[in-house]
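K.L.:
For reference, the chains in residue letters:
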Amino acid sequence: MHTPGKHLLAAKGVPWVGGSLLLLLAVGALYLFTGAAASEPSRTPPPNAHDISFGPADARLSVIEYSDFQCPFCALYAPMLATLRETYGDRVRFVFRFYPLANHQYATISAKAAYAASLQGKFWEMHDLLFKNQKEWSESADPRPYFDSYAKSLGLDIDKFHADADAQSTTDFIARQAAEGKRGGVTHTPWFVVGDSVVLPRSLEEFDKLIQEAL
Amino acid sequence: MTRAESPGPRRWVPWLLAGAAYAGFVISLYLTFVHYRGYVSPCYVVHGCEAVQTSKYSVVLGVPLALLGTVFFALMFYLGIGLLTGSRVLVVRVYKVLAFAGALAIIPLFLLQAIVLKAFCTYCVATEAIMLFLWVLSFLITAPGQNAEPLDAAAQSE
Numbered sequence: 000m001h002t003p004g005k006h007l008l009a010a011k012g013v014p015w016v017g018g019s020l021l022l023l024l025a026v027g028a029l030y031l032f033t034g035a036a037a038s039e040p041s042r043t044p045p046p047n048a049h050d051i052s053f054g055p056a057d058a059r060l061s062v063i064e065y066s067d068f069q070c071p072f073c074a075l076y077a078p079m080l081a082t083l084r085e086t087y088g089d090r091v092r093f094v095f096r097f098y099p100l101a102n103h104q105y106a107t108i109s110a111k112a113a114y115a116a117s118l119q120g121k122f123w124e125m126h127d128l129l130f131k132n133q134k135e136w137s138e139s140a141d142p143r144p145y146f147d148s149y150a151k152s153l154g155l156d157i158d159k160f161h162a163d164a165d166a167q168s169t170t171d172f173i174a175r176q177a178a179e180g181k182r183g184g185v186t187h188t189p190w191f192v193v194g195d196s197v198v199l200p201r202s203l204e205e206f207d208k209l210i211q212e213a214l
Numbered sequence: 000m001t002r003a004e005s006p007g008p009r010r011w012v013p014w015l016l017a018g019a020a021y022a023g024f025v026i027s028l029y030l031t032f033v034h035y036r037g038y039v040s041p042c043y044v045v046h047g048c049e050a051v052q053t054s055k056y057s058v059v060l061g062v063p064l065a066l067l068g069t070v071f072f073a074l075m076f077y078l079g080i081g082l083l084t085g086s087r088v089l090v091v092r093v094y095k096v097l098a099f100a101g102a103l104a105i106i107p108l109f110l111l112q113a114i115v116l117k118a119f120c121t122y123c124v125a126t127e128a129i130m131l132f133l134w135v136l137s138f139l140i141t142a143p144g145q146n147a148e149p150l151d152a153a154a155q156s157e
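Going down the list, the protein sequences come from chains U and A.
Using numbering that gives the first Met the number 0, read the first sequence as starting at 0 and increasing by one per residue.
Using numbering that gives the first Met the number 0, read the second sequence as starting at 0 and increasing by one per residue.
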């Protein structure tokens, strides 16, 4: 037997049940969303002769990274990339491209230091030092003494290092790569392209799997 | 007294409160998943989420602020539903106290980003804006003189 009271009770229960379902829906959707690695076709330029890279130039597969030395998440990825370079360095070309973000105060000057090191054949060593010590130089009032100390520890010619870091050609190189990245849809760092696909693996295992599948 | 003669219960307010709390819940939950999954959230051009999310202030006594935000907004969402289905005076009072507490919490959170971290996370600012919105809107929950009357009763008496 139906009574108005029962109808009222049922009607009152609807918002509670509906609301709870909405919360559960959000939990489920976000669980899936934050668990899956995104993948989409890349629109950035393929590797070229001007790129700073590690591994064979004629490798069948390339891994391109657009990165910013002051980006904390790029620093988190740096050890992963170092492991991958060690594992696949004979079969995969790892390309580094500059993408200094405007909201990072020392992004450009650190990129210049890395590029200057590359002109003396020590890019990857400087790359590793910049990420490893990111906290100390990024929180300092002037990061240049830190960059100088890294350059000295790598045995670089300091005068040439300074001259190259300050050269207009260095500024142009970094700006060109960033502009190409922007045109290619890069919106954040790190931005990875494995083969022809933009990916954002969440772990070394996931990254390793993506490379193995692409090889 | 008819609705035309007094401000009456604003029926849209609980809907808006519940909707805003739901938005806050989704954002906070996302940040909670990001925290616990160790998901590496990239650095975007337009905001400084990376600096805020990785700061030591993002965790208080071992509990991520994002999780506290998720619980807060879930509570506010259910209280919003409580207001929808019949705003008893206790629900209204609890709502107002929590909304005020949320508004108070905005002050240290905002100052930390502005002064200490010198970076603003879009997600965090969005949740702070929602907390402020809930507090401001909480003043509209009951019309003057109807504090002890359930909304449903008021509606039925018309």
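Check each hint, because a few of them may be wrong.
Beta-carbon label-pair distances, calculated as ranges [said to hold, decoys possible]: (1) U:R182 to A:L74: 22 to 28 Å; (2) U:K151 to A:V70: 48 to 54 Å; (3) U:G88 to A:V62: 39 to 45 Å; (4) A:K55 to U:L31: 27 to 33 Å; (5) A:G18 to U:K151: 55 to 61 Å.
Calculated pairs, DSS-like style, for lysine-lysine (alpha carbon to alpha carbon, straight line, at most 27 Å) [as the list claims (entries may be wrong)]: (6) U:K181 to U:K159; (7) A:K117 to U:K134; (8) A:K95 to U:K134.
Some, not all, of what chain A presents toward chain U, calculated at C-beta under 7 Å [stated by the list, open to error]: (9) V25; (10) L28; (11) F32; (12) Y35; (13) I80; (14) L83; (15) T84.
In case anyone wonders, no lab produced these hints; they're calculated from the structure.
Ideal Cβ placement from N, Cα and C applies to all residues, glycine included.
K.L.:
Hint by hint, note whether the structure agrees.
P.N.:
Status of the hints after comparison with the structure:
1. U:R182 to A:L74: 22 to 28 Å: 46 Å, violated
2. U:K151 to A:V70: 48 to 54 Å: Cβ of K151 (chain U) to Cβ of V70 (chain A): about 51 Å, so the range 48 to 54 Å holds.
3. U:G88 to A:V62: 39 to 45 Å: For V62 (chain A) against G88 (chain U), whose Cβ atoms are near 42 Å apart, the range 39 to 45 Å holds.
4. A:K55 to U:L31: 27 to 33 Å: For L31 (chain U) against K55 (chain A), whose Cβ atoms are near 30 Å apart, the range 27 to 33 Å holds.
5. A:G18 to U:K151: 55 to 61 Å: Holds, at about 59 Å.
6. U:K181 to U:K159: 30 Å, violated
7. A:K117 to U:K134: Holds, because 15 Å separates the two Cα atoms, which is no more than 27 Å.
8. A:K95 to U:K134: With Cα atoms ~42 Å apart, K95 (chain A) and K134 (chain U) exceed 27 Å; violated.
9. V25: 5 Å, holds
10. L28: Holds, because the Cβ-Cβ distance from L28 (chain A) to chain U comes to roughly 5 Å (cut-off 7 Å).
11. F32: 4 Å, holds
12. Y35: The hint is violated - Y35 (chain A) has no Cβ within 7 Å of chain U, the shortest such distance being about 9 Å.
13. I80: Cβ of I80 (chain A) sits 5 Å from chain U, so the hint holds.
14. L83: 5 Å, holds
15. T84: At about 5 Å, which falls below the 7 Å cut-off, the nearest Cβ of chain U leaves the hint on T84 (chain A) intact, so it holds.
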